[in-house]
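> The two chains are supplied separately, each in an independent frame; assemble them into the complex guided by the hints.
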Amino acid sequence: MAVKLERVEDFVWRVPLGSVPGMRVPGIVFATEELAEKAEEDRAVEQVANVATLPGIVRASYAMPDIHWGYGFPIGGVAATDVDEGGVVSPGGVGFDISCGVRLIRSELEWERDVGPKIGQLVHTLGRLVPRGVGQKGRMRLSRSEMEKVLQEGVRFPLSQGVGWEEDAEFCEDFGILEDARPETVSDRAMERGAPQLGSLGAGNHFLEVQVVDEVFEQQPANAMGLFPGQVCLMLHSGSRGVGHQICTDYLKVVDRVTNSLGIHVPDRQLACVPVQHEAAQDYFGAMYAAANFARANRHVLAQAAREAFEEVFGRSDRDMGLALVYDVAHNLAKVEEHDVDGRPRTLCVHRKGATRAFGPSHPELPDRYRPIGQPVIIPGSMGTASYVLVGTEESAVRSFSSTCHGAGRAMSRTKAKKVMSGPELKEDLEGRGITLAASQWRMLAEEAPYAYKDVSQVVDACEGAGLSRKVARLRPVGVVKG
Amino acid sequence: MARGQLRIYLGAAAGVGKTYAMLNEGRRRRDYGEDVVVGFVEPHRRPKTAAQIGDLEVVPRRKIEYRGTTLEEAFAGVAEGLATLLGAWFPEEGTEQRVQVEGEDLEALLATWVDELLYLHEVQDVVFGGFKVEHVSDRGLDGQVRVAPRGERELEGIGVKAATYHQLEVGRDGDGFWFARIYLDV
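For the protein sequence lines, the chains are A and B, in the order given.
For the first sequence, the numbering used here gives the first residue as 6, with consecutive numbering after it.
For the second sequence, the numbering used here gives the first residue as 1411, with consecutive numbering after it.
For the record, the hints were derived by calculation from the structure and aren't laboratory data.
There could be a bad hint or two in this list.
As the list claims (entries may be wrong) - Here are a few chain B residues that face chain A, going by a calculated C-beta distance under 7 angstroms:
| hint | residue |
| --- | --- |
| 1 | Tyr1529 |
| 2 | Val1533 |
| 3 | Ala1572 |
| 4 | Thr1574 |
| 5 | His1576 |
| 6 | Asp1595 |
Unchecked claim - Residues of chain A clear of chain B, computed beta-carbon distances all greater than 12 angstroms:
| hint | residue |
| --- | --- |
| 7 | Arg64 |
| 8 | Thr190 |
| 9 | Glu220 |
| 10 | Gln224 |
| 11 | Gly231 |
| 12 | Asp466 |
Predicted model only: the values in this text are computed from it and were never measured.
Don't be surprised by glycine CBs; every beta carbon is placed ideally from N, CA and C.
Pulled out of the complex, with its shape left as it was, chain B reads as follows (with noise of 0.2 angstroms):
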């Protein structure tokens, strides 16, 4: 077998493009006719090294898990990672609409929050632009998703049917930062 090579990109710090150059890289080297796959990325809520992600194909997980410094930033990770695997995220287009929820607790919230953007996704026929969750608590969310129409795309994602309430976890972990953990059904 042929020795395969592991080049690492080092930054001096966070956002310098690190994940944007390899996925420029990725994609430079797929038109050359490799075969390119992305095991994982994190794109932080930047839409520039999202749209780098492009169509390379990304192997896709069905648990979401998010890591923020706020409630909010965690349950918009959430919404990302979904409308990625619903093959629907499209940063930046589109427009806001106010979208609001309610929930007997956090996990339930955060079930139903999940659960709202399947609805539109799938009763307006819409990809998802960006979401910005500005107030969440134990009683209700309060946001807005960036939605346009899906038109003529044909979305590369996997068919999401709902959210589960297994394993479903909102909280701090040790240091301090909000988590939000859900299973979907696919």
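With the rest of the complex left out, here is chain A (with noise of 0.2 angstroms):
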């Protein structure tokens, strides 16, 4: 029997206890009722109930409007447990992509005036200079020593090469750099693996857009992040590549024996889970946040190879453009995070997966110009479609634990998608909407295109509504570099 839904406001919606054996809390889902439809369809609310069984789960298993099922936790899931309670942390709330995220760079160019009778030679000089594709090795390849200096170091690595911008470490989550990774828990496999990999772009739905900014919504977080109406800007989404799958895979072998041991039952196998105060459950976190950093050197390697696309294109310095990073997030990661819960403060594991961080005003995680509006939130559209660009809200700490979505979540599987359009089709059909493409794989396109992923502004239009986050920019897409 497929598990339902009870709307408690708008937006809002309820997974009773009891709708799976052994819920601790209930499950809550922020959507439209279109979207909750979907979710209760797609078997995604089940997998949102599963979440609810975990060990120290603390309020609700959440989910964002862009939720659909995944393996073990669902995509758009946000779970957190109290780490002094014996609450739990699971690799397969965090995902295979290991901080898979967003970053955007805007730009002082405008796309009537400065970028749009290049737009062509911009996307194909972005294609050359941007490693892309399943397997394809990095700008920048790792010796072992490097590689660990990556994993414990983040940013600050490719920084020490002279690779990009010192304030693109004060831009980024973290400030680029999880000071508690360790090496030391990153096996042989997965060095190796990541080391040939640094500023690669990936495949699947990783890709690089040039965008123009279509619309401001709110000016005053508008102006702290440098967006205006025309302006070009540009969208990278990548994550952690084979070091971060290799991690994954590794712990969730060695959780997986331990949650036998210790006795826990999870409903579906990919959810094992391990106290965060266990051995095992420490090693995770050195490993995870050694991903996670190399993500983020990963995404600031691929920035700088993205501005020198564009100065080769436009004769001027990256500098001279304001080529600056607006901000970075990241959708798959779990932290350990100080949250009020029930009047009082407590040590929280926060699995968002497929979720992004939305920190209120005054967070003192955030960067000196963004304190007064929130933290900004990046939400890739899907190809051909609108991005948007939001603000965290205070609301959102005690809505979801200061998460909201991530972007817009696949309607149709990836076989479907094919069906509908084959590559080439699709190629011609964005072009017709006068959008460039650069495609290392054709056949793969049609599994990305727009209509395979849910309408990310009803996505963002739901978050609003639900208090998560609030809309600044819309930006829609010119120029499209995909794996």
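Here you go:
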């Protein structure tokens, strides 16, 4: 029997206790009525209920409006466990692409005046300078000791090699480095896989997009972020590549063994978990943070490659064009954070899988420039559709442990998507709508088509309706480089 | 809409060449310019049949299920499924390499086996020519994997991140066949 949702209030739906055996808290899904229906059909709601059985879970098992079925945890799921009460961490609650995320780079360039006439050349040059596609090697091939440095230092490593701008670190979550990363907990295999891949885009739904600011919804945050209508920006979506996949694989195995030995029962083996205070969990954190450092460094290196493409095409320096980093956010991560629960501060392990952190104003972890407005949240649309920049709210802290959506989420499976339109047909369709495209595998392109994804504007409006984040700007794509 | 035609190939016994003939016809028509897609193909571990798929477009599956008469056959079948998904299945090519993996139980072993093949594929940059699983128990797997350097080949498969533990199952079905199922994160 399918697990059903009960409406609580506008944009908020509950998965009642008892929907599946062993639920410790209810589920809460943020959605419009249409998105809620889709989530039920997709059986993602059942996964929300399964997550609610995790030991130490606090308040609720949450799901964002772009929720869809995943392995174990749903994509778009948020679950926080109390570290001091035997709360667990689950590698499946982070996912294989550890710290997959997005960064947005703004510029002083205007679409009509500066970039429009040269968009074909720009996309072509970006496609040439950015390594992409399945198994592609990166811009920086690392030795073993350099690999260990990246895992420990995140963006500090490429900066130490003269790659990127110093201030890029400030406008990245965690300031570009998770100090508690421990490379010694990362297996040789993960090292081996990651060493050749720094500065590579990957494949699947990873991409680089040249975008134009279409509409500004709120002036004050837009000013703080340096965004204005008609402006050209660059959005980049990528993750930790092979090193993340291997670390998740390694620790899923370890944690699976420990789950059994501790007598923890989970409804799906992919939800294997272990108390945060257990040694295995501490090792996982050390490795997961290392993968996150790699992912941030990866996007940092890719961003610099993109800046070089702009320099080549426009004959101006990146500084001169104002190609500054607005912010870099992660979608797949578990963080230890302090949150108020029932009136007192608690130390929680917050899993966000396909969900973005959304701190409100004044949060101490924000860069000075954003403390008055809240944390920028970058929401990529699917290929060829609009993306959004949002800002986090105070309210999200009590509603969703400071979390909001991450993107559109899939509406149909990859195989179904390919049946609707072929890669070349899709290319023609997008180009007909004024979007220039560079893709390394035309066959795969159709899997990533816009109709395969949920309508991101509906998702973003639902997050705003639920008080998790607010819209700052909408950006439309004019050039896409895909893996 | 025009009427379609359904052609069914019947064979008097297993292995006489139904799939081979159909795929052969498919490739011939494709070469004439017809749009040919393979919806589902089960090569039954017959290399000549698998070779007939050639470069016809196959709709990939993310779930791999295999029924074999032995446990070893089931594990080998899953490996072939993985190689096909990756676009890295080139039957008979390459040289054999010994692979040994361990696991807590048969399911964990299946996941570890798949992860081991993914690691080989990525780090050694190889394609697969054959899988001979010699021995599987709930302690470990011992087998020979035929690998060849990928070289200049552009693989027409999908990127597979890793094996998941979702609905992971290895067991015997009602007919006594060994059954293995695994979901892959792509």
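> Give a verdict on every hint.
Each hint, compared with the structure:
no.	hint	verdict
1	Tyr1529	holds, 6 angstroms
2	Val1533	holds, 5 angstroms
3	Ala1572	holds, 5 angstroms
4	Thr1574	holds, 4 angstroms
5	His1576	holds, 4 angstroms
6	Asp1595	holds, 5 angstroms
7	Arg64	holds, 26 angstroms
8	Thr190	holds, 18 angstroms
9	Glu220	holds, 35 angstroms
10	Gln224	holds, 41 angstroms
11	Gly231	holds, 35 angstroms
12	Asp466	holds, 30 angstroms
When each numbered hint is compared with the structure, no violation occurs for any of them.
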